[in-house]
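Participant: Okay, here's what each chain looks like letter by letter:
Number of protein chains: 2
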Amino acid sequence: MTPSATSTFFAETKSGEKYATPHPLDELTSAEHHAAVAAIKAVWPSAWFKFVQRKEPVKAILAPWLDAFRNGKTQTPVPLPPRKAELGFVIPRTTEIHTCDYNFSTGAIENHDLAASGAKPPLDIKTLELYEQMILVTAEVSDALQQLGLARDTPIRADPWIYGADVEEDEPSYMQFLLYLQPPAAKGDPDSFHYAYPLPFVPVFSLATEQILRIDWVFTGDDVDGMKHTWKDKFDISHYRDNEYMTHLQKDYKPRLDLRPLLITQPEGPSFAVQGRQVEWQKWQFRISWNAREGLVLHDVCYDGRTTFYRLSVSEMTVPYGDPRPPSHRKQAFDLGDAGAGVTANSLDLGCDCLGHVHYFDGDIALPDGEILRQKNVVCLHEQDMGIGMKHTNYRTNNPFVTRSRQLVLQTIITVANYGECASFICVLYPEN
Amino acid sequence: MTPSATSTFFAETKSGEKYATPHPLDELTSAEHHAAVAAIKAVWPSAWFKFVQRKEPVKAILAPWLDAFRNGKTQTPVPLPPRKAELGFVIPRTTEIHTCDYNFSTGAIENHDLAASGAKPPLDIKTLELYEQMILVTAEVSDALQQLGLARDTPIRADPWIYGADVEEDEPSYMQFLLYLQPPAAKGDPDSFHYAYPLPFVPVFSLATEQILRIDWVFTGDDVDGMKHTWKDKFDISHYRDNEYMTHLQKDYKPRLDLRPLLITQPEGPSFAVQGRQVEWQKWQFRISWNAREGLVLHDVCYDGRTTFYRLSVSEMTVPYGDPRPPSHRKQAFDLGDAGAGVTANSLDLGCDCLGHVHYFDGDIALPDGEILRQKNVVCLHEQDMGIGMKHTNYRTNNPFVTRSRQLVLQTIITVANYGECASFICVLYPEN
Chain A
7 MTPSATSTFF
17 AETKSGEKYA
27 TPHPLDELTS
37 AEHHAAVAAI
47 KAVWPSAWFK
57 FVQRKEPVKA
67 ILAPWLDAFR
77 NGKTQTPVPL
87 PPRKAELGFV
97 IPRTTEIHTC
107 DYNFSTGAIE
117 NHDLAASGAK
127 PPLDIKTLEL
137 YEQMILVTAE
147 VSDALQQLGL
157 ARDTPIRADP
167 WIYGADVEED
177 EPSYMQFLLY
187 LQPPAAKGDP
197 DSFHYAYPLP
207 FVPVFSLATE
217 QILRIDWVFT
227 GDDVDGMKHT
237 WKDKFDISHY
247 RDNEYMTHLQ
257 KDYKPRLDLR
267 PLLITQPEGP
277 SFAVQGRQVE
287 WQKWQFRISW
297 NAREGLVLHD
307 VCYDGRTTFY
317 RLSVSEMTVP
327 YGDPRPPSHR
337 KQAFDLGDAG
347 AGVTANSLDL
357 GCDCLGHVHY
367 FDGDIALPDG
377 EILRQKNVVC
387 LHEQDMGIGM
397 KHTNYRTNNP
407 FVTRSRQLVL
417 QTIITVANYG
427 ECASFICVLY
437 PEN
Chain B
7 MTPSATSTFF
17 AETKSGEKYA
27 TPHPLDELTS
37 AEHHAAVAAI
47 KAVWPSAWFK
57 FVQRKEPVKA
67 ILAPWLDAFR
77 NGKTQTPVPL
87 PPRKAELGFV
97 IPRTTEIHTC
107 DYNFSTGAIE
117 NHDLAASGAK
127 PPLDIKTLEL
137 YEQMILVTAE
147 VSDALQQLGL
157 ARDTPIRADP
167 WIYGADVEED
177 EPSYMQFLLY
187 LQPPAAKGDP
197 DSFHYAYPLP
207 FVPVFSLATE
217 QILRIDWVFT
227 GDDVDGMKHT
237 WKDKFDISHY
247 RDNEYMTHLQ
257 KDYKPRLDLR
267 PLLITQPEGP
277 SFAVQGRQVE
287 WQKWQFRISW
297 NAREGLVLHD
307 VCYDGRTTFY
317 RLSVSEMTVP
327 YGDPRPPSHR
337 KQAFDLGDAG
347 AGVTANSLDL
357 GCDCLGHVHY
367 FDGDIALPDG
377 EILRQKNVVC
387 LHEQDMGIGM
397 KHTNYRTNNP
407 FVTRSRQLVL
417 QTIITVANYG
427 ECASFICVLY
437 PEN
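Protein sequences, first through last, are from chains A and B. Residues in the first sequence are numbered consecutively from 7, following my numbering. Residues in the second sequence are numbered consecutively from 7, following my numbering.
So that you can see chain A by itself, here it is in the shape it has in the complex (with noise of 0.2 Å):
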C-alpha cells in the first residue's frame, strides 16, 4: 500500500485548478523517492544511503496548516513549503557524512552539509553483514584465536557496535566488534544463541581503512583483580552452559500444555478507522508516519476536534552497561541514533504479537544502495479491553453501575542485535465521554 495512494487530498491553485496531492506529512511516493536517490546519486555516485525520507514542513507551518485542514479547508490554499526529501549518505572508504534536501518542486539539492570532523553515522544492515564477514577471516582475529589456545578458524560470531569516542580529542570513525564462539552443541546453527560464548577481545575497525587498527583484550578479573585480563593466557570455556531460546536447540525442550486457549474475537470487526496514514477512533484522530531513525512517528493527535499531541515520537533509547574498564566502558549503545528504531523494526504476525482484529502499516525505508525495503507490518494497531472503567454500588439500594474501558495499541517492535527483550512502543488512547 502506497501511502498517498490512499490518503490523496485535493488542494487548489490560485487559478482555481485543484489536483491530488499526498498529504504533507505522508511518506515519500516510490517515484519521489527513487527521484531524490537518483539526483544525489548524479552528484555522488558512490554515496552509501543512511536515511532517504519525507522532510517535515517546520511545526510553525504545518500545526496552522493541520488546523484549516481539520477544520475542512482542504480545498483552500493554505501555503505549505514545497514538498522536499531529506536524505543522509556516507561516501564509504572516507570519513564524509551527507546530509541534504532534496526539492521536488524544483529538482535542486538544498541544505547540502557535511558533518563535523568525530561524527559518526548510524549502522545498517549492509554494512553489519560486510563487516561482520570481513573480521571474521583476518589475521589479527586467528591471532588473538591463537593466542587462547583456540584453533584459528574456530567458528565465531561478531556483533558491530558503534561508539562515540575513547579520548577527548575528535577520532575518525571507529567501530568495534564483540565476538562469541559459536555455541558448540548447536553445530552451526545460526540460531544458537552464542551470547552465552563471550570471547575476551575487542578488535577495533576503522571505517575508513575497513582495517583492523588493534585488538583490544578485556579485563577479566574479579572483584579481587578487577584489572587482570585473567582470560588471556588460560582461556577455559568448561563453566560456559548453553542458554539457547529456540526450542529446536533445548535438548530437553517440553512445551507448556497446561494453558488452554483464550480467544479474542471482534466478529463485528475494529471500532477504529483507518484511512490511509490517518487513524480514527472514539473521539480521537491522528496520523502515522514511519523513518529510520524513530520507527513510528504520531502526528496531529487530536480529541474531539481539539489538538492535544503535535509530534509523538521515541528519539532514543540507551542503556550504559556500566563496566568502566576499558573496552567495556565503551559498550553503550544509543539503538535509535546508532541504529535505528525503524531500521531495526520486526514485521509482526497476526496471532503470535497480538490479538484480536488488527490492522497492520507497512513502513519503507532506504537501503544503502538507494533502493527501497519494504519492511511489512512493522506497526499494528488493535484494541484492548482494559477491565473496569468506573464502578460504583450504591449501598443504600444496592444498584450497581460499571463501565468498560478499552484501549487503543499501537505496537512496534524492535530488535538491536544482542538485545534479547524487545522495545515495544504503546500508545495507549483511552475513551472519555
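Source of the hints: derived by calculation from the structure; they are not laboratory data. This one's a predicted model, so the numbers in the text were calculated from it and none came from an experiment. It cannot be assumed that every hint is accurate.
Here are some chain B residues pointing at chain A (derived, C-beta under 10 Å) [claimed, not checked]:
1. 132
2. 138
3. 194
4. 251
5. 253
6. 264
7. 350
8. 368
9. 375
10. 378
11. 390
12. 394
13. 396
14. 403
15. 407
16. 417
In silico DSBU-like cross-links for lysine-lysine, where the CA-CA straight-line distance does not exceed 30 Å [stated by the list, open to error]:
17. A:132 x A:65
18. A:257 x B:260
19. A:260 x B:289
20. A:289 x B:257
21. B:337 x B:238
22. B:260 x A:289
Ranges of calculated distance between the beta carbons of each label pair, as one might list FRET restraints [as the list claims (entries may be wrong)]:
23. A:240 x B:86: 38 to 48 Å
24. A:230 x B:86: 48 to 58 Å
25. A:267 x B:48: 54 to 64 Å
26. A:230 x B:78: 44 to 54 Å
27. A:266 x B:99: 48 to 58 Å
28. B:86 x A:256: 37 to 47 Å
Beta carbons: idealized from backbone N, C-alpha and C, even for Gly.
Given chain A's structure and the hints, the job is docking chain B onto it.
Facilitator: Relative to the frame of chain A, chain B by itself:
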C-alpha cells in the same frame, strides 16, 4: 457452596482412626458459626456481632503443618491446635467492645477481652441504616436546616463516618454524619447522586446514648476567609449542579455506540483448577479465604512446590482528606478498619466485571444478630492475556521467537459509602518456566 463440603481432608488420630475435618484455613461451616454465636449469646444475650470467623492457627504451627500437608502427609497426625472461632461484638448503647475465641473441642469461650476505653468498633450495615434513619428525623437536624433557610423536612441523606478522637484524651465512641440534600431534579430517586449537594453541618452522635451531642458547622470560606461559615447565614445552592452517573437520571444520556464488541472466550475452559478454596494454575498453588475486615486473603502461595507467600491480604486503606479546619479534619476514612473489605464487598457479575471464563467464590460474614450473610460472588478468578512474554528476532537469520504471557487475576471490589471509585485487589501471577 460450603467450603468444607468440597475441601475436607482426612486426619488420623493416634489410634489410627481417620476422620474428615475442614482444612485449618477453611472458613467456619454454618454449624460451627451458629455454635459459636449461640455460646456467646448464652452469656451476652444482646451481643451485636462485628465478626465471627475461623481463628487462624499461628504461623509457627500452621506453616510446618502446611508443608507436611503439601508433601502428602495428610494421613499423618500433625499437631494442630483445636479448631476455634474468633468473634468480635459490642453491647449496644454501652461502650463495651468484646473479643474472644470459641473452642469447638471444649465448647469453652477463651481469650475474652474488653477493648480499652476509647476504642471504636467498626461500622456495620445494620447500624448504618439504623442511625441514618434516626438522625434524619431529629430536631437538631431540622433546626439546622431551618437555620440555613431550608424547610425543616427538606429531603436529605446522611452518610455515617466514624472517627478516632477529636481531643487528646480518650473519648467515648462518637460518630459523625455528613449530610447532603437529595438532588431536587431526581425527585427522591434513591440512586440519585447526593454528593453534589453537600450540607455545611455535621451532627456528632454518641453510640452509647444514640443521641446527637452537637452540631458542628463546617468552615466554608475560601483562600481569603478560610475560617468563615460562609454558608451559615446565607445558604445558596444555586451553584450546585447535578452530577448523576446512573443513566436513567441523566437528562441527555446517549450511550456510546462507537465501540464494537470485543469477545473473550475460552472454549476449552480455563487453565486453572479449583477444589473448594484451593486453586491450582500452572505451577502455582494457593488457598483463599474470606473475612469481614480483609475480605480476600491468599494463603500458602506455592510455586512448583516451593513456598513463596505464607499469607497475602490488604490490611488497610486510608484517605486523609486534608482539610485541617474542624470538623473536616476528621474526614479520614480507614476503609478496612472503619468498615471492612469483606463487609463492603460487591457481588461481581459475569459480563460486566470480568471477561472470559470466570470462577466465583462466595464469602460468608456475620450479620450483627449473629446470622450468616452469604455474599454471592465476592471474589472472581479468571485468566487474562498479558501480551508478549518474550520476543527476540535474530537479525542474522530473521527468525523470530515469541512467547505469549498470561496472568491469573483474583479480584474483589469494595464500595465504601461515597467512594465512587472502587478498590480492586488484583493478585497477578505470571506463568514461568
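Participant: Against chain A, run the beta carbon of residue 403 of chain B and see if the smallest gap drops under 10 Å.
Facilitator: Result: holds, 5 Å to nearest chain A Cβ.
Participant: Residue 257 of chain A and residue 260 of chain B: Cα distance at most 30 Å?
Facilitator: Violated, at about 60 Å.
Participant: Is it true that residue 267 of chain A and residue 48 of chain B lie within 54 to 64 Å of each other by Cβ?
Facilitator: Holds - the Cβ-Cβ distance for residue 267 of chain A and residue 48 of chain B, about 56 Å, lies within 54 to 64 Å.
Participant: Given the range 37 to 47 Å, decide if the beta-carbon distance of residue 86 of chain B to residue 256 of chain A lies inside it.
Facilitator: 44 Å, holds
Participant: Holds or violated: is there a CB of chain A closer than 10 Å to the CB of residue 264 of chain B?
Facilitator: For residue 264 of chain B, the interface hint holds, since the closest Cβ of chain A sits about 6 Å away, which is under 10 Å.
Participant: May I ask you to test the interface hint for residue 253 of chain B with respect to chain A, counting a Cβ-Cβ separation under 10 Å as satisfied?
Facilitator: 8 Å, holds
Participant: May I ask you to test the hint 48 to 58 Å on the CB atoms belonging to residue 266 of chain A and residue 99 of chain B?
Facilitator: For residue 266 of chain A and residue 99 of chain B the Cβ distance comes to about 57 Å; the hint holds.
Participant: So, residue 132 of chain B near chain A? Judge it on the closest CB pair being under 10 Å.
Facilitator: Where the cut-off is 10 Å and the nearest Cβ of chain A is about 12 Å from residue 132 of chain B, the hint is violated.
Participant: Interface hint check: residue 390 of chain B, Cβ to nearest Cβ on chain A, cutoff 10 Å. Holds or violated?
Facilitator: With a closest approach of 8 Å, the residue 390 of chain B hint holds.
Participant: Can the restraint linking residue 337 of chain B and residue 238 of chain B be considered satisfied, given a maximum Cα separation of 30 Å?
Facilitator: Roughly 20 Å separates the two Cα atoms, so the pair holds.
Participant: In this structure, is the beta-carbon distance linking residue 230 of chain A and residue 78 of chain B contained in 44 to 54 Å?
Facilitator: 47 Å, holds
Participant: Quick check on the hint: residue 394 of chain B CB to chain A CB, less than 10 Å?
Facilitator: Holds: closest Cβ of chain A sits about 6 Å from residue 394 of chain B, inside 10 Å.
Of the numbered hints listed earlier, those contradicted by the structure are 1, 3, 8, 9, 10, 17, 18 and 23.
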